[in-house]
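> Respectively, the protein sequence lines represent chains W and H. Numbered according to this note's numbering, the first sequence spans residues 1 to 285. Numbered according to this note's numbering, the second sequence spans residues 1 to 143.
Calculated from the structure, these hints are not laboratory results. Every value quoted in this text rests on a predicted model; they were computed, and no experiment measured them. Take the hints with a grain of salt, since some may be wrong.
Distance condition first, Cα-Cα at most 35 Å in a straight line; then the derived DSBU-like pairs of lysine-lysine [claimed, not checked]:
| hint | chain 1 | residue 1 | chain 2 | residue 2 |
| --- | --- | --- | --- | --- |
| 1 | H | LYS61 | H | LYS137 |
| 2 | H | LYS137 | W | LYS168 |
| 3 | H | LYS5 | H | LYS137 |
| 4 | H | LYS5 | W | LYS31 |
| 5 | H | LYS5 | H | LYS61 |
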Amino acid sequence: MARISASVYSSHVPLIGAAVDKGLTGDDYFKPLFDGYRAGREWAAENTPDVVILVFNDHANAFGLDIVPTFALGMSETFEPADEGWGSRPVPLVVGHPALAAHIAHSVIRADFDLTLVNNIPVDHGCTVPLSVMFDQPDTWPCKVIPLFINVVQYPIPSGRRCLELGKAIRQAVDSFDDDLDVQIWGTGGMSHQLQGQRAGLINQPWDHEFFERMINDPEDLATMEHVEYVREAGSEGIELVMWLVARGAMSDLAGGAAPTEVHRHYHVPASNTAVGQLILEDHS
Amino acid sequence: MGLDKPYLDIPGTIIFDTDQASMGYHLNMFAMSLKDAENRRRFTADENAYLDEWPMTEEQKDAVRDRDFNRILALGGNIYFCAKIGATDGQNYVEIVSSMTENDAHAHKQMMIDGGRSPDGNRYLHEWADGDPAARKEREERG
């Protein structure tokens with residue numbers, strides 16, 4: 001049987017990917033950030049899953065405004081890294097898991113989530129930067145990846161409650177897949193940042209730290225937080241943090257199991273315009 | 001009765017909702033087209049000709065020509081789409097983002113290293129009653 005063994009939470013700032021690609025991770029600006037990633041990379045090397053369900057948002061690279069799906073699941077065998085305007089990142093092709101993706105689609109849609117199913121679609125920094133954060137620069141990514149795109153760009157975006165419930169539905173789907181697979185679910189984006197308007201550059205460190213605590217200890221309560229609070233307190237692009245709730249929803253404590261164990265946490269300001277957060281929770285089903 | 005938009009009282013922030021997206025459809029699809037290298041080349045070679053291929057308003061085209069990102073967003077642009085205009089110019093995100101604020105790129109980068117812009121005094125429109133950060137900075141510099 002397949003099982004979700006851990007959830008990982010990670011910012012996906014483009015500059016972090018650029019630092020890896022250009023060999024700048026030892027520079028004064030980046031060193032504290034990447035020193036803090038070391039423990040997560042060691043954990044990832046020892047706990048490499050068969051498949052990662054990678055929750056992120058597209059940034060006008062796969063979807064434009066012609067089609068705006070709230071939840072879109074990547075069904076293909078492979079996903080090309082996108083050219084986002086600066087040229088494509090020199091990273092490996094993302095290899096999917098069509099059989100598990102098909103199983104998740106079947107199960108989750110029957111659980112009343114109206115997923116859009118997508119093939120032949122590029123993945124941008126939202127997907128490839130967390131892979132670089134955890135796996136550095138391998139010739140091929142060490143696991144399969146099922147991209148799950150969440151719309152957090154055009155409002156109305158899904159509520160925290162909806163994201164948490166989607167995670168629960170994904171867990172049920174994975175639990176009923178017959179093949180013996182170790183699956184992780186990664187929620188990405190955030191933490192506090194604002195990339196637009198006269199208020200750009202906003203960072204709220206106390207809020208970010210409290211978000212970590214509530215994410216770990218009381219996700220059901222955190223899921224009731226309104227979008228306007230994310231935006232007011234953590235910046236307009238801090239809203240990406242609702243995607244962390246999808247990953248948290250897939251932990252077994254929310255289905256009557258034991259609480260997950262925190263194995264790593266890292267927080268650093270800044271990368272570009274953003275507060276960077278990382279958290280790893282091991283599941284106990 | 002209009003739609004509930006509780007985010008309208010956050011200063012210096014434009015939420016890209018369905019109304020903004022409707023106003024900015026062509027503007028954003030123009031900007032998104034710049035993810036293709038050949039389109040970046042054509043835009044750089046003849047900006048006006050490239051802009052005229054898109055059914056955008058003259059106001060939107062002017063905002064693009066001026067690289068006035070606050071105006072671009074007010075006219076329906078979204079930052080992830082429109083950052084590709086900056087990318088085409090060879091700008092990074094700090095340069096694009098800082099252009100919307102009271103700071104130049106160098107000062108903005110330093111502000112971020114120092115912990116970023118505090119949310120204190122920046123949560124509600126009424127807190128900016130005496131002007132946005134750029135207006136306040138200008139007053140301070142004038143003494």
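> It remains to establish, for every hint, whether it holds in the given structure.
Status of each hint after checking the structure:
Taking the CA atoms of H:LYS61 and H:LYS137, the gap is near 29 Å; set against the 35 Å cutoff, the hint holds. About 48 Å separates the Cα atoms of H:LYS137 and W:LYS168, which puts this hinted pair outside 35 Å; it is violated. Taking the CA atoms of H:LYS5 and H:LYS137, the gap is about 30 Å. The hint holds against a cut of 35 Å. Annotation: proposed proximity of H:LYS5 to W:LYS31 is violated, straight-line Cα distance about 41 Å (limit 35 Å).
With a C-alpha separation of about 28 Å, the suggested pairing of H:LYS5 with H:LYS61 holds against the 35 Å cut-off.
The earlier numbered hints that this structure contradicts are 2, 4.
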